[in-house]
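K.L.:
One letter stands for each residue in the lines below.
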Amino acid sequence: MQIEVRLFATFRRWLPASAQGSRCQIEVADGSDIGRVLSQLGVPIDQPEHMVILLNGRPVGPGHPLKPGDVLSAFPAMEGG
Amino acid sequence: MYGWHGKALHVDLTHRTTAVEPVDLGTAKQYLGGRGLAVRYLSDLTSPTVDPLSPENLLILATGPLTGTPAPTGNRYMVVSKSPLTGALSRSNSGGTFPTMLKQTGYDLVIIRGRASRPVYLWIQDEQAELRPAEHLWGKLVPETEDSLLAETHRKAKVACIGPAGENLVRIAAIMNDKNRAAARSGVGAVMGSKLLKAVVVHGTHEVALYHPEEMNALCQQVRSEVRESVRQGSALREYGTAYVPPVTNELGILPTRNFQTGVFEGVEQISGHALKEKYLRRPKACFGCPIACGRDTEVQEPPYSGEGEGPEYETIAALGSSCGVDNLAAITRANYWCNELGLDTISTGVTISCAMELAEKGCLPIADVGRPLHFGDADAVIELVQKTAYREGFGDRLAEGSYRLATSYGHPELSMTARKLEMPGYDPRGSKGMGLLYATSSIGASHMMGDLAYMEVFGVPRKLDPLAVEGKAAYIKHFEDLFALVDSAGLCVFLAIRYLLSQDYQVMPTRLTQMLNHATGAGYTSEDLLHVGDRIFNLERLYLLGAGFTGADDTLPPRMLAESLPEGPGRGHVVELDRMLPEFYRLRGWDENGVPTAAKLASLGLNG
Ligand code: SF4
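The listed protein sequences derive, respectively, from chains H and X. Going by my numbering, the first residue of the first sequence is number -19, and it counts up by one from there. Going by my numbering, the first residue of the second sequence is number -1, and it counts up by one from there.
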């Protein structure tokens, strides 16, 4: 299935070459959860408390399942603005 | 005394006199310094009903006990006054190098009253304070002013000054220091202008005495190496500055767009920190002794926007950029330079211009009044109006009054995106509900810096909270307001304090901040004592507001936030359910249903007269 991944701030470094700005469309195996997709991209997920994961703009944990067309975004927990 | 010098400099501009008075140690312990101590002085020395632009109003520059110590980011000062924009308190915070040097003069705070008969500047060299003529500086931009003052005082002196905006009593004027750092919010620059005080120049050689110097140095060293390690691993603030934030808030649907009509901006990629880094960043820049270095030294080479300076920060990008519908980062950066040079608050300036744009697009503002067509997305209009605002030229005279007075003068106060007449910062509270309660209850109006729950609702620090939930937010906001009062009073930058000095347990306690304050001052605080200090400061501010004529009815938000739901994004369909948070907030604060502190509450804080 296809989903959109958006990586912000220092997580941008794990965007694949096909990314447009901070966004990319990727193919993932059916039944993938968020943690699996992020690790495949290289985003370290061993400390989920140090990152923010949004699924379609809403905060979720790394074990959350994905469905086609989802927008998955992630960024490090940060100091603020 | 340790941490504090124990001295206040009183300056009377009317009578051209200065006097030194001791700061009482008991009072310093109870109010800490910076914001807390300054609000105590303001409350004791003036009536909350003074006209903010009259000689009777005070302008207080206050450092905290950690300012000028080895504490990383111990580089802040606070400007406290009665605001000409809001009629409430002003509490404006700035870093850079001026605050550290101010502390090194040997004074904890400088309390300025009266009005000079001609423009002057205040020159403080160690204990010596002198008022000098400033006619030759009046009308000058901030960078020229600073350069001239360094030439005529001391090469290593530090300068805080106003630009033309403050001189022209623009209600959204800032006090600038180190050329590009701003004590920006709620018109403190206009208070300084009303006193005909162009600048405060400081040079000092007094180290701050520390109670436990070894322990203090060890703790500061430890924090510093933690920050360095996290920067080494990749720090968004170091790499992108606060400009990393637009894509994040956009993702949550809370990036102020077209005067807060929506929270999703189609041009977000063009105004992100990544674009800033690729195109205009020369180098990250740090305030004194800060290992984070979130400042941006930038240069734009694209005419007609070419220039150099600092910024833009996130708030500036949101206000002068997306809120005005502008996705041209070169123009936003140039408008930021103008604001710094003219001495304007970028948030209030941007959000006032975006209010004018909405008025114009809705047909409520005649083109003839503006002198040009005005539409969202017009970057050149933004740049022109910034300059006109500072000089009160043409339509700029209207903008100089801030968005509430502007919108009201055209019969549409509901289009002003303000709380207590202060323009809202870069988090649309409909998608970040705690921020809504914060804007409504803060002592200065809509400021994120009075208890920034965006840390939890947006950035996941120290833990992620659901931004759309209202349950439990009242308790968080009370707690964060008290914590921020502490950080503001200690003399630290919140960016460091939140991440490195608070323990990340459920309560978010100021554990290492407590240790630092004890090593510096010897006051022997517990973390609970300190939260009590924060609570005391917040309640003292509340008493000031009530004295100034505010009531519980003023603890509110623009009708758009309360009744018009977000049209898109994850918060689609949401408004701020203030009525579901406010009663609980009052209860937790120990206030009655009208938002007035109860006698028992005041007694518990030692505020009952
Ligand atoms: S984090 Fe940024 S604003 Fe805070 S002290 Fe450091 S450079 Fe200054």
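Fair warning: there could be bad hints in the mix.
Label-pair distances were calculated between CB atoms; the ranges are [stated by the list, open to error]: (1) X:Gly375 <-> H:Ala9: 29 to 35 Å; (2) X:Glu142 <-> H:Ile6: 38 to 44 Å; (3) X:Glu19 <-> H:Val40: 32 to 38 Å; (4) H:Arg3 <-> X:Arg461: 44 to 50 Å.
Chain H stretches covered by chain X per the calculated footprint, using a threshold of three residues with CB under 8 Å from any CB of chain X [as the list claims (entries may be wrong)]: (5) -17 to -8; (6) 50 to 56.
Note that these hints are calculated values from the structure, not bench results. Here the structure is a predicted model, which means the values were calculated and not measured. Backbone N, C-alpha and C fix where the C-beta goes; we use that ideal spot for every residue, glycine too.
K.L.:
Look at each hint and say if it fits the structure.
P.N.:
Results of checking the hints against the structure:
no. : hint                            : result
1   : X:Gly375 <-> H:Ala9: 29 to 35 Å : violated (42 Å)
2   : X:Glu142 <-> H:Ile6: 38 to 44 Å : violated (53 Å)
3   : X:Glu19 <-> H:Val40: 32 to 38 Å : violated (57 Å)
4   : H:Arg3 <-> X:Arg461: 44 to 50 Å : violated (27 Å)
5   : -17 to -8                       : holds (count 5)
6   : 50 to 56                        : holds (count 3)
When each numbered hint is compared with the structure, violations occur for hints 1, 2, 3, 4.
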